[in-house]
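Novice: Could you build the full structure based on these sequences and the hints that come with them?
Sequential numbering of the sequence shown, starting at 591, is according to this note's numbering.
A portion of the hints provided could be inaccurate.
Claimed, not checked - Derived lysine to aspartate or glutamate pairs resembling EDC-like cross-links, with alpha carbons at most 20 Å apart:
#	residue 1	residue 2
1	K841	E865
2	K841	E863
3	K841	D831
4	K682	E616
5	K627	E616
Said to hold, decoys possible - Simulated DEER-style distance windows between Cβ atoms:
#	residue 1	residue 2	range
6	R691	V731	23 to 29 Å
7	G680	V731	38 to 44 Å
8	K627	Y600	30 to 36 Å
9	L621	G846	52 to 58 Å
10	S850	A805	48 to 54 Å
11	R739	G846	40 to 46 Å
12	T732	R637	51 to 57 Å
13	V731	G839	32 to 38 Å
14	P826	I867	15 to 21 Å
15	A606	L837	52 to 58 Å
16	R864	E751	46 to 52 Å
17	L752	V721	38 to 44 Å
18	E723	L837	34 to 40 Å
19	A728	G680	17 to 23 Å
Hints listed in this document are in silico derivations from the structure and should not be mistaken for laboratory results. For glycine and all other residues, C-beta sits at the position ideal for the given N, C-alpha and C.
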Amino acid sequence: MERTEAEVIYDQGREAVVAVLLRMDEQIQQLSKQVAKQGEQIAELQRRLNRNSRNSSVPPSQDPPGAPEPKRPDPSGRAQGAQQGHRGKGRKLLPAEAVDRVIDHWPGRCGCGRPFAEGDEETGEPARHQVTELPEIAVCVTEHRLHRRLCPDCGEAARAELPADVPAGAFGPRMEAAVATLAVRNRVSRRDTVELMDELFGAALASGTVDAILARTGEALEEPYEALLERVRSAPALNVDETGWRLRGQKRTLWGAVTSRTAVFRIAPDRHEREAIALLGEDF
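Specialist: Rendered as structure tokens:
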């Protein structure tokens, strides 16, 4: 619709405008239904195109171009999977001293129908079944109350101070280490880190809190990182390599310097020689 046409409709008054809007709304609804139907048709066509001999009853001769080749029989003639006589490997039981809790279960009734009594004789060793489970994990909130007292001699008030081992922030070291492990080591997004901390530990965080924790973690690691870097630079021999890396959706380069006992990594903008010098020093 041209502007002049719209102005003509507007000049015709309210009822004319309402009538046009209602017609347009009806057309939009019809088009929306048509688009939805076409979307379903496209999905069905895509599903048919993706059918091949590996995921349907289509014979290999009718596979479309680019379809994965069907599995070939083993040239040895053996059937796939475990062979006859093969001893399976299950999860090994932990020794008794490594078990945290033992619960004994006794049969209540014999197959003949007689109920067992407390003093009935036990025979053989009990069958052992171990279940490994995570404990119920929830954050522990500790409130530190810094009380004030009046000095009876001078009358001044003095308030207690936080002990040196109490974090000045709102989160403890294990809590912040868990956040850093998720967001940095495992490259979990800020939003997913917030969600996982809530689901796994019942810890309510915000994305900004995650950023603040990562900033503090980075500052805490500066000194040990520099110590490791100095150890690598002074090593008699080391291996250096770089590879592509993605950081916040952008291409970066991950540089690594490795000795027999130490490994140091650095995320850099590119593969330029200056980045190797920044990692290993001017004497490299």
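Novice: Compare the structure with each hint and give your call.
Specialist: Consistency of the hints with the structure:
no. : hint                    : verdict
1   : K841 / E865             : holds, 15 Å
2   : K841 / E863             : holds, 17 Å
3   : K841 / D831             : holds, 17 Å
4   : K682 / E616             : violated, 67 Å
5   : K627 / E616             : holds, 17 Å
6   : R691 / V731: 23 to 29 Å : holds, 27 Å
7   : G680 / V731: 38 to 44 Å : holds, 42 Å
8   : K627 / Y600: 30 to 36 Å : holds, 34 Å
9   : L621 / G846: 52 to 58 Å : holds, 55 Å
10  : S850 / A805: 48 to 54 Å : violated, 33 Å
11  : R739 / G846: 40 to 46 Å : violated, 56 Å
12  : T732 / R637: 51 to 57 Å : holds, 55 Å
13  : V731 / G839: 32 to 38 Å : holds, 36 Å
14  : P826 / I867: 15 to 21 Å : holds, 19 Å
15  : A606 / L837: 52 to 58 Å : holds, 57 Å
16  : R864 / E751: 46 to 52 Å : holds, 47 Å
17  : L752 / V721: 38 to 44 Å : holds, 42 Å
18  : E723 / L837: 34 to 40 Å : holds, 37 Å
19  : A728 / G680: 17 to 23 Å : violated, 33 Å
In this structure, the earlier hints numbered 4, 10, 11 and 19 are contradicted, and the remaining ones agree with it.
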